[in-house]
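Going down the list, the protein sequences come from chains A and B.
Each residue of the first sequence is one higher than the one before, starting from 1 at the first, in this note's numbering.
Each residue of the second sequence is one higher than the one before, starting from 1 at the first, in this note's numbering.
Since the hints were derived computationally from the structure, they do not count as laboratory data.
The C-beta atom is built at its ideal place from N, Cα and C for all residues, glycine as well.
Watch out, some of these pointers could steer you wrong.
Restraint-style ranges between C-beta atoms, simulated for each label pair [unchecked claim]:
{"no.": "1", "chain 1": "A", "residue 1": "Ser165", "chain 2": "B", "residue 2": "Val153", "range": "27 to 35 Å"}
{"no.": "2", "chain 1": "B", "residue 1": "Val60", "chain 2": "A", "residue 2": "Gly131", "range": "32 to 40 Å"}
{"no.": "3", "chain 1": "B", "residue 1": "Leu161", "chain 2": "A", "residue 2": "Asp248", "range": "26 to 34 Å"}
{"no.": "4", "chain 1": "B", "residue 1": "Asn2", "chain 2": "A", "residue 2": "Arg3", "range": "35 to 43 Å"}
{"no.": "5", "chain 1": "A", "residue 1": "Ser174", "chain 2": "B", "residue 2": "Val116", "range": "50 to 58 Å"}
{"no.": "6", "chain 1": "B", "residue 1": "Phe141", "chain 2": "A", "residue 2": "Arg271", "range": "35 to 43 Å"}
{"no.": "7", "chain 1": "B", "residue 1": "Asn2", "chain 2": "A", "residue 2": "Ser49", "range": "33 to 41 Å"}
{"no.": "8", "chain 1": "A", "residue 1": "Leu8", "chain 2": "B", "residue 2": "His32", "range": "13 to 21 Å"}
Which chain A residues stay away from chain B? Per the calculated CB distances, all over 10 Å, these [claimed, not checked]:
{"no.": "9", "residue": "Arg12"}
{"no.": "10", "residue": "Gly83"}
{"no.": "11", "residue": "Lys234"}
{"no.": "12", "residue": "Gln272"}
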Amino acid sequence: MLRILQFLYRVRAFLLFAFLEFLAIWMIVANNSPQGAAFFNSSNELVGSALKKQADVVQFFSLADANAALVEENARLKQELLGLQVKPDSMPLTIDSTLKATFELKGARVVANSLRFSQNYLTLYKGAKDGIKPGMGVFNSQGIVGRVKSVSENYSVAFSVLNTSLLISAKIKSSEVFGSVQWDGVNASEVQLLYVPRHVKASEGDTVITSGFNAVFPEGLLIGQISKVEVNKKDPNYLAITVKLSTDFSKLTYVYLVENTQFQEIDSLYRQSDLPNEY
Amino acid sequence: MNIRNLISYSFVILILGLVQILFLRNLALFGHAFGFLYLLGLLILPSTLRTIPLMLLAFVLGFILDVFFETIGMHTAAATLFAFLKPFWLKTASPTGGFDEAEEPSLSQIGLGRYVSYAFPLLFVYSLAFFIADQWGTGGFLGILSKSFFSAVFTLLLTILVQLLFFRRKRGIS
């Protein structure tokens, strides 16, 4: 017995090492499983506020760019609004469920953003207090950005599109062919469009947009432009399409969060009929 | 280790940690070479510091970085491995008869050639562990290898640069 204890005492450093490594690997796994709750992340108050302080300083230098982008978008929205204003008419349109707005938008500031890892996340300065919920879509005026993963009181953490575990339902605008967009972890300005069958004619320069089928993003948000079309080498029934992202992830300052107010209904309908809901 | 050294080492680790979090956050040369400058704080710790406190320190340090970088567990795992290997490697790589007990393995103390042969393998192992954890199941092994190699080189250059610029005096830290 004493010998065993002595032996254990002699290898105590290794035992501690094994224990700490186990702990670290457990944290990696717990954090990366989509259902697993994240215990520690940058939506933590202390970390969030430190990151916000840093963003306060860094983003000061890009205020001019952010302003220009906002003005541009404002102008475009104003123009669209002019076209939408209802003129007094003897035959008013009644709004039914097909025309009812099912998406609610909120704005938020990006306080931290990574793009160099293969699992990238954003930290946003809006949290549960402002009505942010896990599962909301994130986009900006250039295109899609990601999807909210977890929220705290004042901050929230979102998957970036540059996260290999995020799939987004997409379609090619011209041919209305569906597929899923996923990042392959290599180039921060390109994603792959998967599950497009080979008979589809896709050409370089075609626009790729969200399909609106996944109930997270509304239909028609820009994802990017096709930059390369090849036959998938692993599965020759499908095309390997590379899409150049329209969003510049290195310059994110402000984003919009979108919530589908009918998400619950759609989700429970999917569950009723045993369909997998792809996000 | 006396109290004065303890304070100066804590100060160095704190500063390096802050630099890592605030400035090296999204820095990657050609999207390939990461700078893990905070490892310098662990590298220069004297050989008298035993494995267990070193490992605990590395674990905590890695965990703090992970929380900020949203990479939970990855820096922690790699830094713990780094701290576990450091005393062994220091013993193996030291000249016959070993380093002077109280000596710190910094550039000014052990010279450039020996510093590179001491630091580079450790940095490479760290980077390898980090990128394997990062790209688990996604990237090819060649990509992981090249990223690790260039990150280790870049980090080594950064640590040499920082030591040349800021670690002036022969003993202790300026």
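We went through each hint and held it up to the structure:
no. : hint                            : in the structure
1   : Ser165/A x Val153/B: 27 to 35 Å : 30 Å, holds
2   : Val60/B x Gly131/A: 32 to 40 Å  : 35 Å, holds
3   : Leu161/B x Asp248/A: 26 to 34 Å : 30 Å, holds
4   : Asn2/B x Arg3/A: 35 to 43 Å     : 38 Å, holds
5   : Ser174/A x Val116/B: 50 to 58 Å : 56 Å, holds
6   : Phe141/B x Arg271/A: 35 to 43 Å : 39 Å, holds
7   : Asn2/B x Ser49/A: 33 to 41 Å    : 36 Å, holds
8   : Leu8/A x His32/B: 13 to 21 Å    : 43 Å, violated
9   : Arg12                           : 7 Å, violated
10  : Gly83                           : 40 Å, holds
11  : Lys234                          : 13 Å, holds
12  : Gln272                          : 33 Å, holds
In the structure shown, a violation is registered for the earlier hints numbered 8, 9, in ascending order.
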